[in-house]
Every structure is written in C-alpha cells, then in structure tokens.
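> In case you want the letters, here they are:
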Amino acid sequence: MKLRFVLRQTLNNLWRERTPATASVLTIGIALVILISLFEVSISLYRNLNDLKQNMVIEVYLEASRTENDAAGISAQLSDYGTIERIRVISKEAAAEIFEKEFGENIYDILKENPLPVMIEVRLQSEYNHPDYLALFKKQVEALPGVDEVHYRHVLVEKLESLTQAVLISGLAVLIVLVFAMNLLIRNTIKLSVYARRDQIAIMKILGAGNLFIRLPYILEGAFEGLFGGMMAAAGLILAHKFIADSFEAIRFSLSVYKMLWIVTISVGILIGFFVSAAAVGHFVQKIYAKK
Amino acid sequence: MQGSTRDRKPNTCDYAMIRFSQVTVNYGYVPGALKDINLQLHKGDFTLLLGPTGSGKSTLLRLIYMDILPSAGLVTVDRWNSARISPRQINLLRRNIGVVFQDFRLIENMTVFDNVALPLVIEGYRRKYIRQVTQALLDEVNMLAAADQPASTLSLGEKQRVAIARAMAKDPLIVIADEPTGNLDREASQNVLNLLERFNRHGTSILMATHDYELIKETPYRRIYMENGEIRQPDSSINVGKERIIMMNRDV
Ligand SMILES: Nc1ncnc2c1ncn2[C@@H]1O[C@H](COP(=O)(O)OP(=O)(O)O)[C@@H](O)[C@H]1O
Ligand SMILES: [Mg+2]
Chain X
1 MKLRFVLRQT LNNLWRERTP ATASVLTIGI ALVILISLFE VSISLYRNLN
51 DLKQNMVIEV YLEASRTEND AAGISAQLSD YGTIERIRVI SKEAAAEIFE
101 KEFGENIYDI LKENPLPVMI EVRLQSEYNH PDYLALFKKQ VEALPGVDEV
151 HYRHVLVEKL ESLTQAVLIS GLAVLIVLVF AMNLLIRNTI KLSVYARRDQ
201 IAIMKILGAG NLFIRLPYIL EGAFEGLFGG MMAAAGLILA HKFIADSFEA
251 IRFSLSVYKM LWIVTISVGI LIGFFVSAAA VGHFVQKIYA KK
Chain U
293 MQGSTRDRKP NTCDYAMIRF SQVTVNYGYV PGALKDINLQ LHKGDFTLLL
343 GPTGSGKSTL LRLIYMDILP SAGLVTVDRW NSARISPRQI NLLRRNIGVV
393 FQDFRLIENM TVFDNVALPL VIEGYRRKYI RQVTQALLDE VNMLAAADQP
443 ASTLSLGEKQ RVAIARAMAK DPLIVIADEP TGNLDREASQ NVLNLLERFN
493 RHGTSILMAT HDYELIKETP YRRIYMENGE IRQPDSSINV GKERIIMMNR
543 DV
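The listed protein sequences derive, respectively, from chains X and U.
With the first letter of the first sequence counted as 1, position 191 gets the number 191 in the numbering used here; the numbers rise by one all the way through.
With the first letter of the second sequence counted as 1, position 151 gets the number 443 in the numbering used here; the numbers rise by one all the way through.
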C-alpha cells in the first residue's frame, strides 16, 4: 500500500510537471547518446588503432633488377637488427598472385610481363611499432644497396591517433556541458514538484511520515525521467547502429557493448536520475520546513 | 501497533499522559509566547483551551505534537519527552496523536478516502485493513457517501468531519483540535463538537482550543484559560465579550 501510494504520487508529479520533465528527459537522452557513442567510438577507434599497430606491415620494395637471392641477403641483414618479429620475402610471382587476389585481374593479361618488384614484408616487434623508430628504420633500410622504397602505414596510424583524441576531447567537452544542463533540469523539475506539493508535505510531516516516505516520490520522479531518457537514448543508439552498420562496414563496433547497449543505457539513465534527484530533494524539502 | 483501545474507560487512569513543566517558548527574538507553563492532562479527558487570539493556545498545542520544542522547561507526552527526542521519535509520537486544524489541512487533490487513509498508509498497514478502518471511520463521521470525491469538492463542515476522521484513524492517544470550528457556521460547529464528544465518550482524549465560547458554554469539561502566554489561575473570572465566564479549572 505504501509503495502504491508512492508510485501514484510519482506518476502524478510527472504528469503535473510534464513540460519541465520532458526537458529533463530529452537532455538525459541526448547526454546518454553522446556518452555511450563516445564510449563506443573510442573503443572501436582504439581497437582499430591497436589492430593497425599489431599488424603494421612494413613493405620493403627492392629495385626492379634485384632477385630473390638479393632479397634473402637483405633479409638476413635486417634480421640482425633484433627488432623484427617476422620477415618474409615475396617473390615477383607471389606479388602477382596477391595483385590478382586484390584487384581481380591477372597482371600478365594487362602487361604481358610482371613489373612487380621483389618485396620483403617485415613485422616489427610490437614495442618497436612506434613512429620514431619506424622513421629511423625506413631511413636506414632505404640507404641499403638494392632497396628502392620502404612503405608503412604510419600516416594512417598517426591520423587515427589524433582523431581518437579529438573525438574524446570534444565529446567530453560536450558531455560536461550536458551533465551540467541535465543536473540543472532534473533539479528544476524536482523543485517544481516539491513546491507544488508543499502543503501536502507539511501535512504528511504532521501525520508523522518519515523522511524517506516523503521524499521517495520525488526521487523516483527523477529516476523515471532517467528511465525515459535512457529508453529514448537506447532507441536512438540502436537505430544509429543499424544505419551505421549498413553504411560503413569499416567501422567496427564492439559487439559485446552492442548487445548490452540498451540495458547499459537505460540503467545509466535511471541511476543518473535517481542520484541527482536524491541529492536535490532533501534541499528543497528542508526549505519548505524552514519557511513554515 | 497497539491493540484496540477504543473502549478504554474515561477518567480511570491517574497518570498524566501529557505534562508541561515550567515550559517557556520564545519565537526567535519574540519572547514569551508561553511563560512558565505547568499543566497536566489525563487520559480520557475532554479539555478546553480558552483564551483570546495571540494568548498562546496554538503554541501550547504545537508543543504536544512537537512541531516546536520548548525554549525552556519540559514537555512529556506518554513515553516521549521534549528534552531528548530524535526526529524519528517525533514521527512516532505524531503517529499517536491526531491533530485537527481550523483550516482542515486536507490534501485537496486527493479523495476523501485517501485523506483519511493516509495515516494508515504512513504506518504501512495492509490494503485490506486500511479499507476496512477507513470506511468505518467515514461512516462514523457520516462521510462515506463522499469517499471517492476529491477533498476540494467538500463544504467546510464536511472537510472538518473528514479531518476528524483522519485524526482518529490511528486511534490516537489524544486528538488535538486547534480552533476546529473557527471557519464553520453554527450548525457545522455544533456538528464538529458533537463528533469530538462522541469520540471522547468512546475513550479518546480530546484537547480543543477555541474562542467560540457560545459553542462550549453548556459543556461540563475542564477549561484552561490562557492570556498573554500564561495560564490563568483556577477560579479566576474574566470578561469574554458580553459574557462572564467562571473558570472551573480542576487540577492545574
Ligand atoms: N511563528 C511565530 N513566530 C513569531 N511569533 C509567533 C509565531 N507564532 C505565534 N507567535 C506569537 O506567539 C504568541 C502566541 O501565539 P499563538 O500560540 O498562535 O496564540 P493563539 O493560538 O492563542 O492565537 C502571539 O503573540 C503570536 O504573535
Ligand atoms: Mg491559534
């Protein structure tokens, strides 16, 4: 009976303050969308970055006149550096096969003869997958006789790294603003509800109602706003996922987060609403007692 | 909670259920709303608290449900005393006291039923029990037909009857009524007094503040007369409008 009473009060409050409550719900929803996508995008960028670093392949192209024998010699030389995880010589024929796999055309059909140079594919030990070392390695290896060019994907890595940072920082900035707005708006609805019911609160106090019983409807009001905001955000995020997954297969979302997404989003919403209003309600109720 | 005490006999218990010892109340910088009050109230009594506006009646009543605490002295109510009472204990105390106000203090947007049921809900009783008790009380104050109406739709006299039913819901140690007829016409006032008298005959202690001397002049109850924050000594007589009231304080 007590719980029924509290819930009924909560719903009454929400309905009575529906305009400010809607503002809180929207803000919570938007903040959650940003929070969760920030989390997700960071995770996915971070993973991609890590993958790239792990799989960083350095391609050492030899001059066109060089043979696989020359390549073996250079390989041996590079292996002596002690920084290499794996090294592999890719012959002209193997390069042609890779070409065919990637582009779907046989190079001999196009050019009659194979222009692809012999290549050495190098993977560094992960602790050497660092832009500074890569630059040094490139310079050193390109100076070796017989080596034409050294390629690696450091530009992409650096770009991804700074992109990750930019996303994180700007997202956090927006999030901080939104958290303030959210706090303000939730407090505002709670304040309006408490003041609208100040007579009732004073009466319940005289009837000997405990603090929790008096405050719970307002705390739950905040929690409900969090719930609705969370549901809104979850719906938005799931739609966004569908859209993004269809459009950019390249962006890989972490699957575990995706599956739990709606639970996480809604729970976070409820917790935020609950704690913000729990922190606020005492303040406003106390003000009423003081005014009496 | 306590068992049914509805049938306890009046005036059989000697111990003072409520005791004021040298109680003084100052409101902030305004001194002497009450000055050195000594007073005992007994279980089962119907007591009238008389005196002009500003004499300190409401202040005295508020001390009993500990809406305010004394600036000096001690108020004892049943097993509670003002010198050492926690907020939680104050809530418990209030659940054992029914209060009726001049302005009713019903929750206007709630139904009559929910208003009367509220003290029982606060106590955490079960739905079935609450329904049973509330309906019986509404029947007693002749408001059962209006049970599902919002309190805001009632006449003033009806509101006060609902407020009395709410005060009785927990079968309290005492019902405190602060000018309960102050907003009511003659007939409604008489109705309210009759109700309180009826509950008193069934064993509930009543303490009623009023300056409606016309209403209570025929009643045989103990009278406490207040003036300027003090209780007038027994047997003193004072002028009240055209009427001369002889004080009949028994055992102050
Ligand atoms: N909240 C308050 N703050 C300051 N003074 C008050 C307050 N309440 C009552 N008083 C003063 O205390 C005195 C007693 O008031 P009250 O107990 O309300 O008298 P009564 O109920 O007999 O009219 C009056 O002088 C009144 O002005
Ligand atoms: Mg008064």
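Think of the hints as simulated: they come from the structure by calculation, not from any bench.
Given the structure is predicted, the values throughout are model-derived calculations rather than measurements.
Warning: the hint list may mix true and false statements.
[Said to hold, decoys possible] Residues from chain U shown here face chain X by an in silico Cβ test under 10 angstroms; the list is partial: (1) Thr368; (2) Pro379; (3) Arg418; (4) Tyr513.
[Said to hold, decoys possible] Quick list of simulated restraints, FRET-style, between CB atoms: (5) X:Ala173 x U:Arg371: 24 to 34 angstroms; (6) X:Glu161 x U:Gly416: 53 to 63 angstroms; (7) U:Arg380 x X:Phe243: 51 to 61 angstroms; (8) U:Tyr321 x X:Leu168: 30 to 40 angstroms; (9) U:Arg371 x X:Leu172: 22 to 32 angstroms; (10) U:Asn486 x X:Ala290: 20 to 30 angstroms.
[Claimed, not checked] Straight line, CA to CA, 27 angstroms or less: simulated DSSO-like cross-link-like pairs of lysine-lysine: (11) U:Lys420 x X:Lys2; (12) X:Lys159 x X:Lys53; (13) X:Lys191 x X:Lys53; (14) X:Lys205 x U:Lys420.
Note that the Cβ used here is the ideal one computed from N, Cα and C, for glycine as well.
> Now look at each hint and say whether the structure bears it out.
Status of the hints after comparison with the structure:
1. Thr368: This interface hint is violated because 18 angstroms lies over the 10 angstroms limit.
2. Pro379: holds, 8 angstroms
3. Arg418: OK, holds: arginine 418 (chain U) within 10 angstroms of chain X, min 6 angstroms.
4. Tyr513: violated, 25 angstroms
5. X:Ala173 x U:Arg371: 24 to 34 angstroms: Given about 59 angstroms between the Cβ atoms, the range is violated.
6. X:Glu161 x U:Gly416: 53 to 63 angstroms: Holds - the Cβ-Cβ distance for glutamate 161 (chain X) and glycine 416 (chain U), about 59 angstroms, lies within 53 to 63 angstroms.
7. U:Arg380 x X:Phe243: 51 to 61 angstroms: holds, 55 angstroms
8. U:Tyr321 x X:Leu168: 30 to 40 angstroms: violated, 58 angstroms
9. U:Arg371 x X:Leu172: 22 to 32 angstroms: violated, 57 angstroms
10. U:Asn486 x X:Ala290: 20 to 30 angstroms: For asparagine 486 (chain U) and alanine 290 (chain X) the Cβ distance comes to about 39 angstroms; the hint is violated.
11. U:Lys420 x X:Lys2: The given pair, whose Cα atoms are some 13 angstroms apart, holds under the 27 angstroms limit.
12. X:Lys159 x X:Lys53: Satisfied, since the Cα-Cα distance of roughly 13 angstroms is no more than 27 angstroms.
13. X:Lys191 x X:Lys53: Roughly 52 angstroms between the alpha carbons, so the hint for lysine 191 (chain X) and lysine 53 (chain X) is violated.
14. X:Lys205 x U:Lys420: Roughly 24 angstroms between the alpha carbons, so the hint for lysine 205 (chain X) and lysine 420 (chain U) holds.
Hint violations for this structure: numbers 1, 4, 5, 8, 9, 10 and 13, all remaining hints satisfied.
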